[in-house]
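Trainee: Read off the chains here:
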Amino acid sequence: MESIISIKNLDFGYDAKQIFNKFNLEIEKGSFTSIIGSNGSGKSTLMKIIVGLYKAEGEIKVDNIAMSQDTYKEIRSKIGIVFENPDNQFVSETVMDEIAFSLENMNYEKKEIRQRVKEIGALLNIENIMEKEPHSLSGGQKELVSLASALVIKPKILILDEALDMIDNNRRDDVLRILTNLNKEGLTIINITHNSEELLYGSNIIVLNDGEIKDQGPTKELLRKEKLFKNNGLELPFVVDLSYKLKYYGLVDDIVLDIDELVDKIWK
Amino acid sequence: MEIKYENVSYVYNPKTALKKVALKDINLVIQDSQINALIGTSGSGKTTLIELLNSLLVPTKGKVIVDKDIIANKGYIKNINQLRRKVGIVFQFPEEQFFNLTVKKEIEFGLLSFNYRTNELDKRVSDALKMVGLDDSYLERDPFKLSNGEQRKVAIASILVFNPKIIVFDEPTIGLDYDSKKNLIKLIRMLKNRYNKTIIIISHDIDFIHNISDYVILLDKGNLILTGSKYDTLANPAVLKEFNIPMPKVVEFSYKVLKKKGIKMGYRDDVNDLLKDIYRYAK
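Residue numbers (my numbering), protein chains in the order written: chain A, 281 to 548; chain B, 10 to 292.
Note that these hints are calculated values from the structure, not bench results.
Just to be clear, a hint being listed does not mean it is correct.
Cβ-to-Cβ under 8 Å is the rule here; a few derived chain A residues that face chain B [claimed, not checked]: (1) Asn319; (2) Asn365; (3) Asp445; (4) Met446; (5) Asn450; (6) Tyr529.
What the simulated footprint calls covered on chain B by chain A, stretch by stretch (three residues with Cβ under 8 Å from a Cβ of chain A suffice, anywhere in the stretch; the number is not a length) [what the hints assert, rightly or not]: (7) 50 to 62; (8) 155 to 167; (9) 181 to 192; (10) 220 to 231; (11) 262 to 272.
C-beta atoms are modelled at their ideal positions from N, C-alpha and C, and glycine is treated no differently.
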């Protein structure tokens, strides 16, 4: 396994409260990892450390570059990050300018900027709102604009911090499918989420609680651990929860990740 | 307490190039002492509809009746402070409005601006905290250092402290983990059952709506499309599809069983309920 993010012996805390204590983490290059855990488990803090927003003790490597005062800018240019509540991040008057903002800061040519903004708008299907003022958009649309701004720099790693929360379920599934395609093309994705349905997308799951990794592994393997979810106050995706219960009744022999497949298994 | 919309239209920036019709001829009665859910895609007029309730907006046409107050272009509101104490609105990410150094100061801020007598202040703050499941040890804590779930509770307490009869929640589940969401559901049910509150919830989290609501109101592009019990609305895949509302998972499952296997199962509330049906039809 080749790691794109490697963290060793991380120590970090706010005031008197220690969050991470000799914490280790490896994120595989090209993986699509969901990180779950209750509020206050350290998920968002961890992401802020990875992009160099918080300084922490320990060894942090992103794409083989060790985090330091000299390298954090270079590291940041490799990561696209989308936070919860996009309202706090907008700086421009139109969606188009908002998406172009980071490219302008990186001194790209105007022609290249226009081309990239157009491409990303088409990819996320937000061409119809390009002229609008970001603050006038709905919550879901704002999140899509933030996602576009993160992807437009063509990052090696995309981090979503509860970033799809306000998008309607139908649309969210579309976005997750687009992200799955980008992942197949080589983008490493980390999705921090409270929404159990999002776990069905992605290759791996990490369960984080109280600043510790409680368990990690391939998606289906982790979803088989019903107790792990229960003990950490986490919800299972609907279809997995239902198949567990049906397994107990002897109606299916293993958990299933897709409703259509489950229906076919029950009524063979 | 009566809440009624009569022929209500609302237009943003009328008579300008930026004119936008947000609501068209809405006739609607909000169910008293029930949990009313307001659904519809973005831009359907949900937020406009609730902002008319405490006169943050005034209808362009028609009137909104809240108890004895009439909110209309030429309406008569006896006392706007009193109206706003009747209708408490918990906005999206309410914790982002915090600006006080202690939880107590945060919660009592609104009451003080409404000129409450100070001798009952402490008790009311403490009662409001209790309602959201936090004890007095939180009073002197820094609201900025609480967890997300706790912050959301404090924000809700700062509305409950007025003791409003009508409580509006705008996207209350965003950013909350599973446990906090379960607690929120309990809290909202308690507000209805024990304190007889009228609840209005805006949310795009359709499974949450399915779980909690008694009565569902569907808006689309400023038009009122449908009202009714959740059995009449959320269990109707054709309507949901037409207005681009996702199906609740339980409904989706039954729908797929019908479509793929031709088996018609009854309407079910949750997974456990559904299980019995599956067992019956699969055996």
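Trainee: Take the hints in turn and mark each one as holding or not.
Mentor: Right, here's what the structure says about each hint:
{"no.": "1", "hint": "Asn319", "result": "4 Å, holds"}
{"no.": "2", "hint": "Asn365", "result": "6 Å, holds"}
{"no.": "3", "hint": "Asp445", "result": "5 Å, holds"}
{"no.": "4", "hint": "Met446", "result": "6 Å, holds"}
{"no.": "5", "hint": "Asn450", "result": "5 Å, holds"}
{"no.": "6", "hint": "Tyr529", "result": "6 Å, holds"}
{"no.": "7", "hint": "50 to 62", "result": "holds (count 3)"}
{"no.": "8", "hint": "155 to 167", "result": "holds (count 3)"}
{"no.": "9", "hint": "181 to 192", "result": "holds (count 8)"}
{"no.": "10", "hint": "220 to 231", "result": "violated (count 0)"}
{"no.": "11", "hint": "262 to 272", "result": "holds (count 6)"}
Checked against the numbered hints listed earlier, the structure breaks hint 10 alone; every other hint is satisfied.
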